[in-house]
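Participant: Read off the chains here:
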Amino acid sequence: MINNVLLEPIELRKSILRMARVGDSVHIACAFSIIEICCVLYSNFIRYERGNLENPLRDHMILSKGHGVMAIYAVFARLGWLEQVHLDQYFSDGSLLHGLCEAKIPGLEVCSGSLGHGLPIAAGMALAFKRLKVDKQVYCIVGDGELNEGSMWEAILFSGHQNLDNLTVIIDANGLQAMGSCKNVLELEPLPSKFESFGFQVEECDGHDLIELDNAIRSKTKCKPLAVVARTIKGKGVSWMENNNEWHYRRLNDELVQDIYKEWGEQ
Amino acid sequence: MREKLSKLITQNAIEDPKSLVLSGDHGYALFDEILKVRKNQFLNVGVMEQAMVGISSGFAKVGFRPIVYGLSAFVPIRVLEQIKLDVCYPNLPVVFLGDGAGLVYSTLGSSHQCSEDIAALRPLPNIRIYTPSDEKELEVCFGEAISTKAPCYIRIGKSDREVVHEKKLISSDPVTLLKESSKIALISMGSMSSISQQVAKQLKLSHIVFPRIKPFPKSILGELILYGKLIIVEEHSRYGGLCSTILDAFAENNMPIPLTTSISLKPQFAKKCGSYQYALSEHQLDDKSLKIRILQEVENLKVNL
Chain A
1 MINNVLLEPI ELRKSILRMA RVGDSVHIAC AFSIIEICCV LYSNFIRYER
51 GNLENPLRDH MILSKGHGVM AIYAVFARLG WLEQVHLDQY FSDGSLLHGL
101 CEAKIPGLEV CSGSLGHGLP IAAGMALAFK RLKVDKQVYC IVGDGELNEG
151 SMWEAILFSG HQNLDNLTVI IDANGLQAMG SCKNVLELEP LPSKFESFGF
201 QVEECDGHDL IELDNAIRSK TKCKPLAVVA RTIKGKGVSW MENNNEWHYR
251 RLNDELVQDI YKEWGEQ
Chain B
1001 MREKLSKLIT QNAIEDPKSL VLSGDHGYAL FDEILKVRKN QFLNVGVMEQ
1051 AMVGISSGFA KVGFRPIVYG LSAFVPIRVL EQIKLDVCYP NLPVVFLGDG
1101 AGLVYSTLGS SHQCSEDIAA LRPLPNIRIY TPSDEKELEV CFGEAISTKA
1151 PCYIRIGKSD REVVHEKKLI SSDPVTLLKE SSKIALISMG SMSSISQQVA
1201 KQLKLSHIVF PRIKPFPKSI LGELILYGKL IIVEEHSRYG GLCSTILDAF
1251 AENNMPIPLT TSISLKPQFA KKCGSYQYAL SEHQLDDKSL KIRILQEVEN
1301 LKVNL
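Quick note, the sequences are listed as chains A and B, same order.
For the first sequence, counting from 1, position 150 maps to 150 in my numbering; every step adds exactly one.
For the second sequence, counting from 1, position 113 maps to 1113 in my numbering; every step adds exactly one.
Honestly, the hints are just simulated from the structure, not real lab data.
You can trust all of the hints, since none of them are fake.
25 Å max Cα-Cα, derived DSS-like pairs, lysine-lysine:
(1) 130(A) to 1036(B)
(2) 136(A) to 1061(B)
(3) 104(A) to 1018(B)
(4) 104(A) to 1214(B)
(5) 1302(B) to 1201(B)
(6) 133(A) to 1039(B)
(7) 1179(B) to 1168(B)
(8) 136(A) to 1018(B)
(9) 133(A) to 1061(B)
(10) 1018(B) to 130(A)
(11) 1018(B) to 133(A)
(12) 1214(B) to 1229(B)
(13) 1149(B) to 130(A)
(14) 1149(B) to 104(A)
(15) 1061(B) to 224(A)
(16) 133(A) to 1036(B)
(17) 1272(B) to 1291(B)
(18) 1039(B) to 224(A)
(19) 130(A) to 1061(B)
(20) 1061(B) to 1149(B)
(21) 130(A) to 1039(B)
(22) 1291(B) to 1158(B)
Just so we're clear, the structure is a prediction, and the values are computed from it rather than from any experiment.
Model the full structure from these sequences, guided by the hints.
Facilitator: Encoded structure:
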């Protein structure tokens, strides 16, 4: 349970790139945004057993922003929870993996393609573990755009009220949502003080800095749920994808893939 | 029936430490008993129906047996997507109690009235739907719901109608309460069963009640097809309720559909404020109108024969 895989951001990005190309899929920038968050969570915090999701002692991670699911597929392949063949068949007819988070995939826990579902379920699990007096942590990655949903604030209110100190919520605060910037669509800031006023311990950090993320999550104290406002860049890792909301929707071609590899210094 | 529900909820909490009742700040007096003896097995989440269903899903995933209470106008209507994705998709054993179904909250108006709960839930995979008429039906439906490992919805309508069954039931399958030689059968569920039973007795009609409509008890079709006419009475919309379910079942089983009359709620909001019987009268579903309509159907059939 303590022998975690050390995940490297570049290997996850490469895995996503491959999936997105073979599947000709969308939501690439949404997955690139949460790569470092996933690396830190699965390398340093989440307790699990390689290749065995049935271990009852494992912690739980819920991806509430289901459109980032390619990042989780890439992680699961590395942990031995998903076979590479499924990633290679991504988006094809009769394949296992959908383009949004589906509860049938072991470890994904929830259907979160429709936003506002993951966090309430995470809160329910966290309270259930507390009532059972089981030492299990629940982590939940939420999108900032997703925080437009009322059900998220219901769950945030509930988590603070119930002092869910086994719950860590990481906000992928990339400042962009489906149709524009959060600022223009529906102002969310100041996120840290909002969470604080709902009874959370709040940490704010660079969501692509592994050390800052680690420190933020590690600083968790007792008695309160933790919210980490991770300041991220949508499309992080590819210069022309970064902060370009088109890559919420656009698909890759071979030329663009070559361009990305060149930027990453590889053939 | 509400008193019985309170007892069943409490007894279940005593017998099953994993039972957890959730309410979105609703259910005045219903939870007094459980609060006396198993306070920790009741969770008032606050006025938040959407997150309540998600939270119940989280509890169920960890091994609890949640019972989610709400008015049917809110659970399932307001939270249909949460029921679909958070509970039905992973096929979790969560029991939803939809109280005040139909026009029970007549004086409060359209926000608290609900004629479409069954229609909304029926297409969802995995969910079982119960529609008890009285305490005996409630007992058997509740028992099945808490022991099955699937999502369940129990529709609680007007709860102070006269008792329909004399004997304890052993399952939620349809019950033929009256078997007459007439070619007409009344079919009812929930709050309409009591008055339907009175009318059936007076007019010497057969009467069948449905405590459960999903999964549909298809063995009843062989009996129903023998009647010359079915009159289906429900405090639910014509669209997607008991009548739809029965007609769909004939079609799905490649059987001829018998001559059928639906007596149900019209697709309209409350026009005026008034008592329960008054609210029903806007749909010609109050006791007096119902008797007249059924009598008329019987007369019409005689003329046509």
